[in-house]
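With chain E held as given, fit chain S onto it using these hints.
Protein sequences, first through last, are from chains E and S.
Sequential numbering from 1 applies to the first sequence in UniProt numbering.
Sequential numbering from 1 applies to the second sequence in UniProt numbering.
There are no misleading hints in this set.
Output of the computed footprint for chain S on chain E, the stretches with three or more beta carbons under 8 Å from beta carbons of chain S: (1) 189–202; (2) 211–221.
Simulated pairs of lysine-lysine, DSS-like, Cα-Cα distance not exceeding 25 Å: (3) E:145 with S:72; (4) S:145 with E:38; (5) E:122 with S:145; (6) S:145 with E:41; (7) E:239 with E:122; (8) E:141 with S:122; (9) E:102 with E:227; (10) E:141 with S:38; (11) E:140 with S:145; (12) E:145 with S:140; (13) S:141 with E:141; (14) S:38 with E:145; (15) S:239 with S:56; (16) E:227 with E:38; (17) E:122 with E:154; (18) E:145 with S:77; (19) E:145 with S:76; (20) S:140 with E:141; (21) S:227 with S:41; (22) E:77 with E:41; (23) E:38 with S:141; (24) E:140 with S:141; (25) S:122 with S:227.
Computed Cβ-Cβ distance ranges for the label pairs, DEER-style: (26) S:79 with E:103: 56 to 62 Å; (27) S:86 with E:144: 22 to 28 Å; (28) E:228 with S:130: 39 to 45 Å; (29) S:57 with E:151: 48 to 54 Å; (30) S:21 with E:108: 56 to 62 Å; (31) S:150 with E:108: 37 to 43 Å; (32) S:26 with E:148: 39 to 45 Å; (33) S:72 with E:148: 23 to 29 Å; (34) E:144 with S:57: 34 to 40 Å.
These are calculated hints, taken from the structure and not from any lab test.
Nothing here was measured: the structure is a model prediction, and the numbers come from that model.
Every residue, glycine too, gets a C-beta built ideally from N, C-alpha and C.
Number of protein chains: 2
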Amino acid sequence: MESFVTKASASAQPLKNADELIDSVETFIFDCDGVIWKGDKLIDGVPETLDMLRSKGKRLVFVTNNSTKSRKQYGKKFETLGLTVTEEEIFASSFAAAAYLKSIDFPKDKKVYVVGEDGILKELELAGFQYLGGPEDGGKKIELKPGFLMEHDKDVGAVVVGFDRYFNYYKVQYGTLCIRENPGCLFIATNRDAVTHLTDAQEWAGGGSMVGAFVGSTQREPLVVGKPSTFMMDYLANK
Amino acid sequence: MESFVTKASASAQPLKNADELIDSVETFIFDCDGVIWKGDKLIDGVPETLDMLRSKGKRLVFVTNNSTKSRKQYGKKFETLGLTVTEEEIFASSFAAAAYLKSIDFPKDKKVYVVGEDGILKELELAGFQYLGGPEDGGKKIELKPGFLMEHDKDVGAVVVGFDRYFNYYKVQYGTLCIRENPGCLFIATNRDAVTHLTDAQEWAGGGSMVGAFVGSTQREPLVVGKPSTFMMDYLANK
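So here's chain E without its partners, still in its complex pose (with noise of 0.2 Å):
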């Protein structure tokens, strides 16, 4: 298989036009923000682009770092704003967690802490893989009373942390003290960009800001599975 990315980094001469370009390359990948859509308003001239290099047989991929939703979720909005593109066309850094914890064969009988929202649970369910946290630790709140402990699950194997605007200090001490406490505990970042655009009208902090708390408390490194990572490349190339 050949993409854009091995292709251009290949070549050392400047392809002649365009015409050259997509005729050299079989795989097309796409950011979405930005590129395909801005907020919830389709970008210019994209339905052309895309149906041209369909017509010429090329393999696209629509990859967001963007953990909020799931690849079915995201299929959705590509429909909504009249584009039909298949679960297997996304790669959302959603569904990245999920194939990273499958590729290293994560035990099914661990369990998965999230921070983040409903894309990566629907992800990590499809996946088969058990989890807790997520929107529903949104609400919950400390009393630092003396004496006051926080348990947690000692069956935690994995903290994947991705965009949350439900963030709180709950979340913050529960994958904490998982992470901290429970040997060999994973800590997986969707992705740890500054900026996001959850709606087209302003800059929004991103997912980096949940991943920096993170390493805030642990001092620990994460590893991560959206753009840009070599996880995310590998996957694409081997599929």
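Just chain S now, kept in the frame of chain E:
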């Protein structure tokens, strides 16, 4: 003025005994957590040691990175534990933030956005600075509807980040907007501790997690005013 720290680093020879050490030092700087108390319990031997040092005319300073209380509130904690300590002998990171702003003549017509608890607010008020945020923003939520834009105060000239059990995404976004968009806005951390001891039953994710979130979203490094910072040592040496 001589201090324990300058003396210890100046002397390459180990001091022969405790008496010689005590005689050679004018100021003793104590950490509080794990040195004076553990959670809400006084550590054995502390009252006798402090009485002995005071009887020799030593200057005592009690330093804590915990910014949830003001110096006055810490004074009450010492009192509860049966120790008589004046506000002037306490250097809490809540106070450090206000003292730092004073040291740089932070304009009184500018405002400080606070991610943290009551101690920081109380010290800013005492120093005559205008502030917003703090515990009040703990219940605020963001509705990410299409086109939604968070307004922020353009007069915020500094964001102070400390431990905050009411940490949430609203605060991350508000503080990030101030740091990113208000020209010259300062990013000040009371501390970057991974761990704090809010109860003695377990280790809690510390102020480093709140600070880490802002490092992730702003891609900027904070100025740290608590331990270990040159500001703190300079302030104590020059007092």
